[in-house]
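**Student:** These protein sequences, in sequence, are chains A and B. Once you know that position 302 of the first sequence is 302 in my numbering, the rest is easy, because the numbers rise by one and skip nothing. Once you know that position 26 of the second sequence is 26 in my numbering, the rest is easy, because the numbers rise by one and skip nothing.
It should be emphasised that the hints constitute simulated quantities derived from the structure, not laboratory data. Do not rely on the hints blindly, as some may be mistaken.
In this list, chains with the same sequence are indistinguishable; a pair is considered to hold if it fits within one copy or across any two.
Unchecked claim - List of simulated lysine-lysine pairs, DSS-like, C-alpha gap at most 30 Å: (1) Lys-2 - Lys-205; (2) Lys-75 - Lys-185; (3) Lys-185 - Lys-122; (4) Lys-191 - Lys-75.
Number of protein chains: 2
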Amino acid sequence: MKIALDGMGGDFAPKNNIEGAIDALSNPTLEILLVGIQEELEQQLSNYDFDKQRITVIPSEGAIADSEQPAIAVKRKVNASINVCSGLVKKGVASGFLSCGNSGATFASATGMFGLFEGLRKPCVGAAIFGFAPETLILDLGLNVDPTPDQLVDFAALGVSQVKIIYGLEDPTVALLSNGSESNKGNRLVKESFELFHKSNLNFKGNIEGHDIASGKVNVVVCDGFTGNILLKLIEGIGNEIFNYLRCEIKDQRYEQIIQNISNKTNLMREFGGGPIIGINGIAVIGHGASSPKAISNGINSVASLANKDYINQSKNELIKLRESFL
Amino acid sequence: MKIALDGMGGDFAPKNNIEGAIDALSNPTLEILLVGIQEELEQQLSNYDFDKQRITVIPSEGAIADSEQPAIAVKRKVNASINVCSGLVKKGVASGFLSCGNSGATFASATGMFGLFEGLRKPCVGAAIFGFAPETLILDLGLNVDPTPDQLVDFAALGVSQVKIIYGLEDPTVALLSNGSESNKGNRLVKESFELFHKSNLNFKGNIEGHDIASGKVNVVVCDGFTGNILLKLIEGIGNEIFNYLRCEIKDQRYEQIIQNISNKTNLMREFGGGPIIGINGIAVIGHGASSPKAISNGINSVASLANKDYINQSKNELIKLRESFL
Numbered sequence: 001m002k003i004a005l006d007g008m009g010g011d012f013a014p015k016n017n018i019e020g021a022i023d024a025l026s027n028p029t030l031e032i033l034l035v036g037i038q039e040e041l042e043q044q045l046s047n048y049d050f051d052k053q054r055i056t057v058i059p060s061e062g063a064i065a066d067s068e069q070p071a072i073a074v075k076r077k078v079n080a081s082i083n084v085c086s087g088l089v090k091k092g093v094a095s096g097f098l099s100c101g102n103s104g105a106t107f108a109s110a111t112g113m114f115g116l117f118e119g120l121r122k123p124c125v126g127a128a129i130f131g132f133a134p135e136t137l138i139l140d141l142g143l144n145v146d147p148t149p150d151q152l153v154d155f156a157a158l159g160v161s162q163v164k165i166i167y168g169l170e171d172p173t174v175a176l177l178s179n180g181s182e183s184n185k186g187n188r189l190v191k192e193s194f195e196l197f198h199k200s201n202l203n204f205k206g207n208i209e210g211h212d213i214a215s216g217k218v219n220v221v222v223c224d225g226f227t228g229n230i231l232l233k234l235i236e237g238i239g240n241e242i243f244n245y246l247r248c249e250i251k252d253q254r255y256e257q258i259i260q261n262i263s264n265k266t267n268l269m270r271e272f273g274g275g276p277i278i279g280i281n282g283i284a285v286i287g288h289g290a291s292s293p294k295a296i297s298n299g300i301n302s303v304a305s306l307a308n309k310d311y312i313n314q315s316k317n318e319l320i321k322l323r324e325s326f327l
Numbered sequence: 001m002k003i004a005l006d007g008m009g010g011d012f013a014p015k016n017n018i019e020g021a022i023d024a025l026s027n028p029t030l031e032i033l034l035v036g037i038q039e040e041l042e043q044q045l046s047n048y049d050f051d052k053q054r055i056t057v058i059p060s061e062g063a064i065a066d067s068e069q070p071a072i073a074v075k076r077k078v079n080a081s082i083n084v085c086s087g088l089v090k091k092g093v094a095s096g097f098l099s100c101g102n103s104g105a106t107f108a109s110a111t112g113m114f115g116l117f118e119g120l121r122k123p124c125v126g127a128a129i130f131g132f133a134p135e136t137l138i139l140d141l142g143l144n145v146d147p148t149p150d151q152l153v154d155f156a157a158l159g160v161s162q163v164k165i166i167y168g169l170e171d172p173t174v175a176l177l178s179n180g181s182e183s184n185k186g187n188r189l190v191k192e193s194f195e196l197f198h199k200s201n202l203n204f205k206g207n208i209e210g211h212d213i214a215s216g217k218v219n220v221v222v223c224d225g226f227t228g229n230i231l232l233k234l235i236e237g238i239g240n241e242i243f244n245y246l247r248c249e250i251k252d253q254r255y256e257q258i259i260q261n262i263s264n265k266t267n268l269m270r271e272f273g274g275g276p277i278i279g280i281n282g283i284a285v286i287g288h289g290a291s292s293p294k295a296i297s298n299g300i301n302s303v304a305s306l307a308n309k310d311y312i313n314q315s316k317n318e319l320i321k322l323r324e325s326f327l
C-alpha cells in the first residue's frame, strides 16, 4: 500500500518526516511517497540507511507555510506539497496522506480535492482527547463553530463509524455534551438537538457533563466545534501545568515515567500523530505540528489502517443508515 | 458582623455546618446566625464547646431538598432555611449569607429577595476554576447558557470588580474565550462581542484559547455559561482521574501531599466554599454541596470579606463606569 507523506509540513520538517517515514517501513506492507522539495529531501535521505525501493520522493513546488492563509494559499500554490499529496490520493496513486503542516491548508486541499459526503456542509474533526478515557471520541473539535442540530446528528453518525473502525466496538454509545445531565438542560443548540438524537437510531444516552468526558462515560461525545476546540486545548494546558508541577516536586527517577504519562495522556494529538478529516471522500490525516518521528510513523500507520478497513465507505454507510432512520 | 448560615444545606448538614460555624468563630469579628430546624440544631450544638453568645439559632420551617425544582420550592416553602437566610440579609440583620444546599434555590431566593443590578437580565457566577492559575476568574459558570454580547460585556465588568476586591489587583486584564487567539476567531457570539469589548474601557487583551485558562494568561475570562459550566466540570473530572492514577502508582508517603494538591487545585469549589452570586443587591455565597467544615468556615469568611470591602457597591460602580464608556 502506498501512503503519501507531506515531507515539508511540521515544525521539524523534513528531518522528523524522513525519520518517521523510515520508521514506518517496519510495517512490511507500506511504501511511502515522500512529497516535497526534491533536492532537499534526496540530500537528507542520503544520510540514512533504508530500503530505497520503498521510499520515493515526489517533487512539489515548495510548501505552504503555517503563517499563510489556508484557502488562499491552497489555490495560489497549486503544486505545493499538501496539494501534491491530495492529488496523489485523488488519482488513486496513494491510499491516503498525512500532513503535519498548516492544518487549515490540509483541510482546504483535501476537502476541495476529494469532495464532501452527500448532504454535508463541512467536514469535522474528532478524536479522543484524554488518554485516561481512550475510547471516548469527541467531535467536532474546531471546524464548525456554529453548527445546526442536523449537523450535530451527522457528526454523531460519523463519530460512530469512526469508533467502530478504530476501537472495534459494536454499538457505540453517543451523548450530547451539556451543562447538566437532565434532558431539559443545554443551550439553544443542545435543546434543539436533543429530540433529533432521541428519535434517531443512535445508541443515544442523553446529555452528559464535563466530568463525564474525563471518566469516559460514552464512546462518542457530540458538541459544537467552538466548545470542542476549547476543551481540547484546555486539557493540553491543564496537563502541561500538572506535569510541570509534578516534575518539579517529585524528583525521583522511579516515578519519572508515571509523571511523563500525565503529559502524554493530556496531549494525545502530539502523541499519536493526529486524526483523519471526517466526511470527505478520501483519507487525509492531520498531524500535530510538533510531531516526533514516532508520531509521524504512527500517523502513517493510521492512514494505512483506515484504508485497510475501508474507512470512507463505512463512514458513508453509517451516515446513510442514520438518515434512513428519520424517513 | 453577623453572617447567616444555612444550617440545613449540604451533603453533611447540619454536622459540617455546625463545625464550620464554630471554626469561623476564630475570626473574632464574627457572629453566626445559624438557620434551620431549631430542635435539631440546638441538640447537635450542645455536643460542642464554643462561645454561646456568638452562634444564634434562627428557626426555619424545614429546608429545600436538592431534588426539588428551585423556583417552585422557593415560592412554596416561604420559611425554608434558604429563604430565611436571604430574609435576614434583606432586613439588614445579617451582612450576607452562605448556603451549601440546592444552588438553584439559593439563586432564586437571593435574586428574588435582593433584586438585580439595574439593567441586568440575570445574575452570573464566576470563580477561579484551576488552582495553578489562582488569579484567573472565569464567568459565567452556568446561569446564562445563551447570553447576548451586551450581557458578556456586563459580566466582564462584574468580573473585574470581583478580582479587584478578591485579589486586590489594580487594572485586571480581560479576555474573551475563543477557539483561536486571532480577532476574527470565534462563534457568532464571540465575533459579535469582540468589537464591543474592544470599544469598552476594559483592559481587553483579545481572544484567548483553552490552554490560556490553565496558564492564567488574564485575570478575567469571559464566556457563555454553557461553555463555562462544561469547563468547570471538565477540570474537576480531569483532576479526579489524574489524582486517582497518581495515588495508585505512587504509594510513597513523602509525595502524598503533592498528589493531594492535584485534587485540591482542580476542585476549588469544594476547597474554598464557593463564590458569590454576581449582580444582585446583597451578598449570597453558594457553597459546594460536599463542603468540609473548613470549606464552610472559609465560605463564611468570604461573605465577611466581601461585606467588609463594600462588594455590592463596588460592583455596581464598576458596571456604571463601564457603561459610561459606551456613551
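**Student:** All the hints need checking, so say for each whether the structure fits it.
**Tutor:** Right, here's what the structure says about each hint:
no. : hint              : verdict
1   : Lys-2 - Lys-205   : neither (40 Å within a copy, 47 Å between copies)
2   : Lys-75 - Lys-185  : between (43 Å within a copy, 22 Å between copies)
3   : Lys-185 - Lys-122 : both (27 Å within a copy, 17 Å between copies)
4   : Lys-191 - Lys-75  : between (39 Å within a copy, 26 Å between copies)
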